[in-house]
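Student: Read off the chains here:
There are 2 protein chains.
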Amino acid sequence: MDQRIAALEVGYDVPAAVGMDISEIQTPALIVDLDAFERNCARMKEAIERMGVRLRPHAKTHKSADIARYQIEHGGGCGVCCQKVSEAEALARAGIRDILVSNEVRDPLKIERLARHARIIVCADDATGVEALSAAAVRHGVTIEVLVEIECGARRCGVAAGAPAVDLARRVAAAQNLIFSGLQAYQGAAQHIADAAERGAAIGIAIEQTRQTVRLLGVAGLDCAIIGGAGTGSFEIEGNSGVYNELQCGSYIFMDADYGRIRDAGGGVVGGFENALFVLTAVMSKPEPDRAVCDAGLKALAVDSGLPVIFDRPGVRYAAANDEHGKIEDPDNLLAINDRLKLVPGHCDPTCNLYDWYVGVRGGKVETLWPVTARGKLY
Amino acid sequence: MDQRIAALEVGYDVPAAVGMDISEIQTPALIVDLDAFERNCARMKEAIERMGVRLRPHAKTHKSADIARYQIEHGGGCGVCCQKVSEAEALARAGIRDILVSNEVRDPLKIERLARHARIIVCADDATGVEALSAAAVRHGVTIEVLVEIECGARRCGVAAGAPAVDLARRVAAAQNLIFSGLQAYQGAAQHIADAAERGAAIGIAIEQTRQTVRLLGVAGLDCAIIGGAGTGSFEIEGNSGVYNELQCGSYIFMDADYGRIRDAGGGVVGGFENALFVLTAVMSKPEPDRAVCDAGLKALAVDSGLPVIFDRPGVRYAAANDEHGKIEDPDNLLAINDRLKLVPGHCDPTCNLYDWYVGVRGGKVETLWPVTARGKLY
Numbered sequence: 001m002d003q004r005i006a007a008l009e010v011g012y013d014v015p016a017a018v019g020m021d022i023s024e025i026q027t028p029a030l031i032v033d034l035d036a037f038e039r040n041c042a043r044m045k046e047a048i049e050r051m052g053v054r055l056r057p058h059a060k061t062h063k064s065a066d067i068a069r070y071q072i073e074h075g076g077g078c079g080v081c082c083q084k085v086s087e088a089e090a091l092a093r094a095g096i097r098d099i100l101v102s103n104e105v106r107d108p109l110k111i112e113r114l115a116r117h118a119r120i121i122v123c124a125d126d127a128t129g130v131e132a133l134s135a136a137a138v139r140h141g142v143t144i145e146v147l148v149e150i151e152c153g154a155r156r157c158g159v160a161a162g163a164p165a166v167d168l169a170r171r172v173a174a175a176q177n178l179i180f181s182g183l184q185a186y187q188g189a190a191q192h193i194a195d196a197a198e199r200g201a202a203i204g205i206a207i208e209q210t211r212q213t214v215r216l217l218g219v220a221g222l223d224c225a226i227i228g229g230a231g232t233g234s235f236e237i238e239g240n241s242g243v244y245n246e247l248q249c250g251s252y253i254f255m256d257a258d259y260g261r262i263r264d265a266g267g268g269v270v271g272g273f274e275n276a277l278f279v280l281t282a283v284m285s286k287p288e289p290d291r292a293v294c295d296a297g298l299k300a301l302a303v304d305s306g307l308p309v310i311f312d313r314p315g316v317r318y319a320a321a322n323d324e325h326g327k328i329e330d331p332d333n334l335l336a337i338n339d340r341l342k343l344v345p346g347h348c349d350p351t352c353n354l355y356d357w358y359v360g361v362r363g364g365k366v367e368t369l370w371p372v373t374a375r376g377k378l379y
Numbered sequence: 001m002d003q004r005i006a007a008l009e010v011g012y013d014v015p016a017a018v019g020m021d022i023s024e025i026q027t028p029a030l031i032v033d034l035d036a037f038e039r040n041c042a043r044m045k046e047a048i049e050r051m052g053v054r055l056r057p058h059a060k061t062h063k064s065a066d067i068a069r070y071q072i073e074h075g076g077g078c079g080v081c082c083q084k085v086s087e088a089e090a091l092a093r094a095g096i097r098d099i100l101v102s103n104e105v106r107d108p109l110k111i112e113r114l115a116r117h118a119r120i121i122v123c124a125d126d127a128t129g130v131e132a133l134s135a136a137a138v139r140h141g142v143t144i145e146v147l148v149e150i151e152c153g154a155r156r157c158g159v160a161a162g163a164p165a166v167d168l169a170r171r172v173a174a175a176q177n178l179i180f181s182g183l184q185a186y187q188g189a190a191q192h193i194a195d196a197a198e199r200g201a202a203i204g205i206a207i208e209q210t211r212q213t214v215r216l217l218g219v220a221g222l223d224c225a226i227i228g229g230a231g232t233g234s235f236e237i238e239g240n241s242g243v244y245n246e247l248q249c250g251s252y253i254f255m256d257a258d259y260g261r262i263r264d265a266g267g268g269v270v271g272g273f274e275n276a277l278f279v280l281t282a283v284m285s286k287p288e289p290d291r292a293v294c295d296a297g298l299k300a301l302a303v304d305s306g307l308p309v310i311f312d313r314p315g316v317r318y319a320a321a322n323d324e325h326g327k328i329e330d331p332d333n334l335l336a337i338n339d340r341l342k343l344v345p346g347h348c349d350p351t352c353n354l355y356d357w358y359v360g361v362r363g364g365k366v367e368t369l370w371p372v373t374a375r376g377k378l379y
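Which chain is which? The protein sequence lines are A and B, in order. Counting along the first sequence from 1, when you hit position 93 you're at 93 in the numbering used here, and nothing is skipped either side. Counting along the second sequence from 1, when you hit position 47 you're at 47 in the numbering used here, and nothing is skipped either side.
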């Protein structure tokens, strides 16, 4: 046992050591079922090859250089998306190339930071943003590739589709040291619509707006190298649209309780993906026969999309999250102190952002530890 | 400007450099208004001196060795509370002494880790937990101080008050290499009851259960060096009870939107504490006159207790949090790109746990950076 603690103390902030039994991992810990993760990557690779589109997986889900590398080397990825400059910086430092910052960057210092990295693509949604990017690119003697982000139903960022988007694309194309590389057209609000028909209708509107904009850009002589968007909830619709050529799915590698409720047209889980990500937790108090307390609460789980679901353990329910504890209903008194439970988080992206390490497990043993390279890189 | 980026790149993961203007901090960032923080600490120090009790501030709120040191050296703290072994390890390594782990520790490896640190106090709520602590203490040749945690209304961990607690205390006192140090009696569920009378009633029940248990322990010849509990929402009730001698408040240093709704008997904000913690965010898209998008979303803010409130900027409202964006209603078109907003987070503890750095500001300038020493230390 002392040897195992010594192994933990090598880094002094790791929750597990390679070779440990899953029952010895220090909880709460973020664990990846490596078999399920690899199967999810293979499923997506097969899907994009079938649909004839590129995949640029979104690294905002996992923030891990190891996972990004796996997606590029084995999962059909042509590069990755990031959402923040600091996230892109962290992955670039770890050797990841071809990064699209699928977001606007407006702060002057952030634009300077961006311009110091060659081969980063970024989005713009208004003329002053284009001017600022151009000025920074000129100052640093680099070329920045720019996607025009269009509003296509999520009512978040984005210039209006159609003529306003074409006008902005013209400005990009005319600006010094910028290249117009295409469109960012992500309908994020539609990803989590559980019903397939409703979700399809929302994505259909986005596709039509994108198609129309691409047509007008063509008339103006502006080609789109990238027409990007789509998420795990909708990727087969965009992928089969004949409009999009690059999909930006993130959650498919892990899934979560919320995506588990998103149905495809046949009533199955969308894409056939399976749960590969869990928060491993342990029972640390059993004050009464019908309830237990585990060690994973609000700091271990993002609850914005609902409470976690206990995996593969019928008869017990995660009922409430406190800061450091989870309250578990155990009506049949099935649980004992130190029992391990695998929790499927409500929402994978912000849950991953809580941890410094992925603990990769296979066959009940710890096989690898992957740092969450860009954890907390929000700026 | 390049000099400032160079300053950022020293650590390559800091969102600000000392001396920067607040407008240059890379957002989102967690900022501390140092004047307000110091006034909150002074208010609490005055209150505990007036009530004649000790303060053992809860470090689960801030997870920072710098703040813990300030609380001990200037804020009347006799030590700190932690909630997890890894949190205690991180603060102990940074030089903080006298740490109470105000929680049960049951995993065998965690108990080993705990026993390797002298002068850590821990809680127990059943007999097998006491046996495990004793065995580890004997094995390492150390003495572990133990508080018996009693259930006093939160229905989380804790043995029943009264005779069952006395029975467990007897076991602690009889166990090899353990010292019975008193009671842990924290009514966490009552802290966030907004109405002062209702909150007082709930805390009153906890106080009576604690008083009764202390009396029975006295009859059994067992003295309580520590009778600990209370939080920012209720500390004046426990502090004036004549029962509790050590208060474990955490949030008072920072406050948050949820505690801002907790009223004292006179209708004021509880304890007279003021907001000292903010998530600084910037407007990064202004797609329409009546709405704006900022760069702080679900990874920058814990939303379990509600959305953040925009501080000191009337006419605009934080309306929805996406993973990486906040949607802001701006009906009068007051906001422009790169405007900075100070967000009061809904819940301070899990928000602090999202960041690697506190950016301490005074007079509009960055005065200091404090690492969030025990960030992510959940295990």
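Quick caveat, the hints were computed from the structure, so don't treat them as lab data. Quick caveat: nothing in here was measured; it's all calculated off a predicted structure. Positions of the beta carbon are idealized from the N, C-alpha and C atoms, including for glycine. Any given hint could be a false lead.
[As the list claims (entries may be wrong)] Which stretches of chain B does chain A cover? Using the computed rule of at least three CB atoms under 8 Å from a CB of chain A, they are:
1) 102-113
2) 120-130
3) 296-305
4) 319-333
Student: Each hint: holds or not?
Tutor: Against the structure, the hints come out as follows:
Only residues whose C-beta sits within less than 8 Å of a C-beta in chain A count toward coverage, and the region 102-113 of chain B has 10 of them, enough to reach three; the restraint holds. With a threshold of 8 Å between beta carbons, the proposed coverage of the region 120-130 of chain B by chain A holds, since 4 of its residues qualify and at least three are required. With a cut-off of 8 Å between beta carbons, the region 296-305 of chain B has 7 residues touching chain A; three or more are needed, and the interface restraint holds. Given a C-beta distance limit of less than 8 Å, the hint that chain A covers the region 319-333 of chain B holds, as 6 residues qualify and 3 suffice.
Checked against the numbered hints above, the structure breaks none of them.
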